[in-house]
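When you read off a place in the sequence shown, starting at 1, and then add 395, the result is the number in our numbering.
Calculated from the structure, these hints are not laboratory results.
One or more of the hints may lead you astray.
When the alpha-carbon atoms are kept at most 16 Å apart in a straight line, the in silico EDC-like pairs for lysine to aspartate or glutamate are as follows [unchecked claim]:
no., residue 1, residue 2
1, K820, D714
2, K657, E797
3, K786, D594
4, K825, D714
5, K575, D634
6, K825, D634
7, K505, E797
8, K629, D599
9, K736, E760
10, K825, D630
11, K741, E797
12, K669, D714
13, K629, E483
14, K537, E797
15, K629, E661
16, K545, E483
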Amino acid sequence: MQRFLFIVVFLCAGCGSKQRENHSQTPIGSQSVEMSGPSGEKGMGGGAPMSRGESAMKAGEAGKQAKKAGVPKPVAKPLALADLPPRELQKLVSGLNQAAFALYSKLATKHENFHFSPFSVLTGMATVITGARGKTATESLKALHIKDMKTLRRGFNTILRGFQSPAGALELATRVYAAKGAAVNPVFMQGVKRAFDADFVSMDFAKAVALSSHANAWVSKATRGRISSIIAPKDILRDESLLVISSIFFAAPWRYQFSPRKTSVEPFVIPGKKKKTMNVHMMYLFAPFVSRHRGAVKTLVMEYLKGEYSMILMVSDGDVASLAKKVNNPGALAKILAGCKRQRVKVFLPRFSISGEYDISWPVEQLGFGWLFSPNGDLSGISAGRTYVSKVKHSAMIKVDEKGTVPAAVTAIFALKNGNPAYPKIHFNKPFVYIVRDNRTGAILFMGQVVRPTPAAGKPAPRMRH
């Protein structure tokens, strides 16, 4: 019986944070991303993907700009499946978002602060599902709300190709390690390579130290050194024949950036029977945002520089558990966003940093992937032997602060006159939930909640009136 270990690695490095490094090499098998599309006033996109012709034009323009900036030209990708029609793609994204919320709900019951990438997890699971057959395939596709295997392959392929561009803010990579001598179906290997741009490496799984070292080196390169280790030798068992690693790296500046000079130490309310607070570095910004400052859920949509992505932040008067229940499916999120409008608003947001390593086998299995974890499941499309998933691990990191990844010349700070109280205010001084999504397709890339932000040394000081 063959088992395989499935690892999901995620890094959100400097989301609206530190300067992004200029690397001359792209991680093996990675896909660089910077989606080109109008930011628009709405900024909330959910439209159809670009056609091949439009993509080629955008890629050509981006290539010229990248050449001027000294960015290396990416290697051509072997992704050549037909586009999924816009309506079908919209249904697929809706299904993936449903699965994302379901996974979030399960993780929220186990953790206070947490951060993860549902898109990375589901992309990795989709890679495995392409090798499923019979009832295992039927139930797994149902968990992703996808009608058939062809739609799965074409849908993910369409999304991933839409992410490609020379100067990327988002990079995805998938690698499959196969044990030497393992009879991996070449059709599975070719299909995964074509649909997900995964690369394959053959190694001796009996040499766990060498295998983990090799895999961790790839992970470190794919995440720009932010995550240096995810696999320990003890994670690799002798009877395992495959190791699937999916990574995603994101680094982008805010469209409107915070000024560090306006950050001050302020109290943040933490959960508990008795009201307690902790001191945090509270950032301040006055700018035009799609937002809603009244109602049960106060909402702020902070776009990244070019409008391709945005972070949706939500806070309520209740605890974070009740907030999570109010935003527990795509329909609820759509309803909340429908009540937002673009307006100048005073924003108070704490710096926060979250990192962690999670065994998410149980939450993923509970989504409807049970047959993938069962020795009785059918993954014969991967190997003729009895094969099943033994473990799913997820490593994640996010850091949010004032800094962006672009020169100060593009920084936009809007000044208030005499602290005019007429402008609305959204204060994230209590636990909140956030979502990072691709504005073009509406796909949820990352999710998390902040219950205890990064603590600040020192005592709260009077803030200049805003």
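Evaluated hints:
1. K820 x D714: Between K820 and D714 the Cα gap is close to 20 Å, so the pair fails against 16 Å, i.e. violated.
2. K657 x E797: holds, 10 Å
3. K786 x D594: violated, 20 Å
4. K825 x D714: holds, 8 Å
5. K575 x D634: It holds: about 12 Å lies between the C-alpha atoms, which stays within 16 Å.
6. K825 x D634: It is violated: about 47 Å lies between the C-alpha atoms, which goes past 16 Å.
7. K505 x E797: Outside the cut-off at roughly 30 Å; violated.
8. K629 x D599: It holds: about 15 Å lies between the C-alpha atoms, which stays within 16 Å.
9. K736 x E760: Not satisfied, since the Cα-Cα distance of roughly 38 Å exceeds 16 Å.
10. K825 x D630: Cα-Cα ~38 Å, so violated.
11. K741 x E797: holds, 15 Å
12. K669 x D714: holds, 13 Å
13. K629 x E483: violated, 42 Å
14. K537 x E797: violated, 41 Å
15. K629 x E661: violated, 44 Å
16. K545 x E483: It holds: about 12 Å lies between the C-alpha atoms, which stays within 16 Å.
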